[in-house]
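Please arrange chains B, C and D on chain A, whose structure you already have, making use of the hints.
So you can see what is in the structure, the chains are spelled out below.
4 protein chains.
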Amino acid sequence: MIEARLRVIYGDTDQMGVVYYANYFRYFELARGEFFRAKGGSYAAVEKEEGLFLPVVDARCQYKASARYDDVLLIRVEVTRLKRASMAFGYTVLRESDRALLCVGETVHACVGKDGRPVALPKSIVSVLGEVLPPA
Amino acid sequence: MIEARLRVIYGDTDQMGVVYYANYFRYFELARGEFFRAKGGSYAAVEKEEGLFLPVVDARCQYKASARYDDVLLIRVEVTRLKRASMAFGYTVLRESDRALLCVGETVHACVGKDGRPVALPKSIVSVLGEVLPPA
Amino acid sequence: MIEARLRVIYGDTDQMGVVYYANYFRYFELARGEFFRAKGGSYAAVEKEEGLFLPVVDARCQYKASARYDDVLLIRVEVTRLKRASMAFGYTVLRESDRALLCVGETVHACVGKDGRPVALPKSIVSVLGEVLPPA
Amino acid sequence: MIEARLRVIYGDTDQMGVVYYANYFRYFELARGEFFRAKGGSYAAVEKEEGLFLPVVDARCQYKASARYDDVLLIRVEVTRLKRASMAFGYTVLRESDRALLCVGETVHACVGKDGRPVALPKSIVSVLGEVLPPA
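As you go down the protein sequences, you meet chains A, B, C and D in turn. Quick note on the numbering used here: the first sequence kicks off at 1 and runs consecutively. Quick note on the numbering used here: the second sequence kicks off at 1 and runs consecutively. Quick note on the numbering used here: the third sequence kicks off at 1 and runs consecutively. Quick note on the numbering used here: the fourth sequence kicks off at 1 and runs consecutively.
Hint data in this document are derived by calculation from the structure and do not stem from the laboratory. Please note that the accuracy of each hint is not assured.
[Claimed, not checked] Result set (SDA-like, lysine to any residue): computed pairs, CA atoms no more than 20 Å apart in a straight line:
id: 1; chain 1: B; residue 1: Lys64; chain 2: A; residue 2: Glu96
id: 2; chain 1: C; residue 1: Lys39; chain 2: C; residue 2: Ala88
id: 3; chain 1: C; residue 1: Lys48; chain 2: B; residue 2: Arg68
Model, not experiment: these values are computed from the prediction.
Same shape as in the complex, but just chain A:
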């Protein structure tokens, strides 16, 4: 499990005074990037070196409590599923100050080549991500 950290900016809030719901999916992406980096890789390298993409095919978020301007958020991310040509990340977002649970989410990713066709996840990714897969 990797934990990314960010501070909510004004531009992420809406007139209800809380983080706009769509922005959590941006936070999820930021955490995914940190995840790859923490494992010694990078998503940028997956695209450039492997010529592969991991587009989101399903995304979900359940909102439990609101984040506000200037809150520091902790976005925990882990691999929750690893199949031949797809994978899923699970997310938990907490507020740092009081450890309040703000939301939980999931994104499912296909592994595709430049032509958009499904491709088996390369060993380089599986070996990195597999290590952190929770035991079945």
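Positioned in the frame of chain A, the structure of chains B, C and D alone reads:
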């Protein structure tokens, strides 16, 4: 069922050349607003006149195909569930030019007062939204 | 002069209850796209058919009054400068309901090829944009 | 001068493969927040405790080179002008890896009360910000 229409701007795309996944949730919100208006109300009025809010408690999107810059999108929205103090909207996004199905989504909303506590959906909303509820 | 029209969504507002300042630059881009279309072209075609890009090299906005959720905005755009390898658009944003002036802005664009080097604006663009240039 | 640091996410890029021009204004805001914090204050406190707001009345950015996905950016911010009821911040954005200059910008802020009327900048802000003002 109400259909909102919008054209994808450059700022909504990402370096994969397609609409960034989080932006569909913005499109969903735009369509919800059109929905209220088409029914003779407005979400702004719900907040101002009723003192009620309909925050998103669950959001989901399944991505089927990609939208690109300059594509015109049709976002179809309908009420899919109406309970005492919550409701859900379902969305279908099509590209206008070829009617390709781009994604389907859902948002679930609580009805809360200014203090954040659950409140029964007022008659003014139910009467408007109930009319369009698909038969159970 | 071309006039684009859009309705402010919740996601464009911030906790001050008004449109977040950066979002006007997104509105400017939407208006630029409408401008090309109104002139019988499209910016997408400039990129695809001419292999040219018009990246922003300077952007500015002066804010006069605030836009709020659900406001309908009119974004007026015109070409304010046309040089050999660059051009500028000027913007005026009004609220439709009371014609209040919300902001004025400008974007300056270089004309570059795929390699990022400056290229003379092609006749196809000049002929379209030149027509609408205000007399010097 | 304060230096904020952030990594470009996918959602900040556009189909040209670079950071979308409007997003730099979000980065500027992030850096402003860091600035207040580095000076022992917080913009959130200005709003809450002083009942004052510092809305942007003018914003500008000149783009020199492009930032790409996964780039780490350094956003340098300093106070460039301090008047009775307004102030300005200047920004310089560099890429961390090669110190390339990406853009320079400025935002001008009015100081207003809850009613939107201009108010003199309070001593608490001036004393904090004045210290860092470059000599005239």
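Checked hints:
Of the supplied pair hints, the one linking Lys64/B and Glu96/A is violated, its CA atoms being roughly 36 Å apart against a limit of 20 Å. A threshold of 20 Å between alpha carbons decides the hint, and for Lys39/C with Ala88/C the separation of about 16 Å falls inside it, so the pair holds. At most 20 Å may separate the alpha-carbon atoms for a hinted pair to count; Lys48/C and Arg68/B meet this at roughly 13 Å.
Of the numbered hints given earlier, the model fails hint 1 alone.
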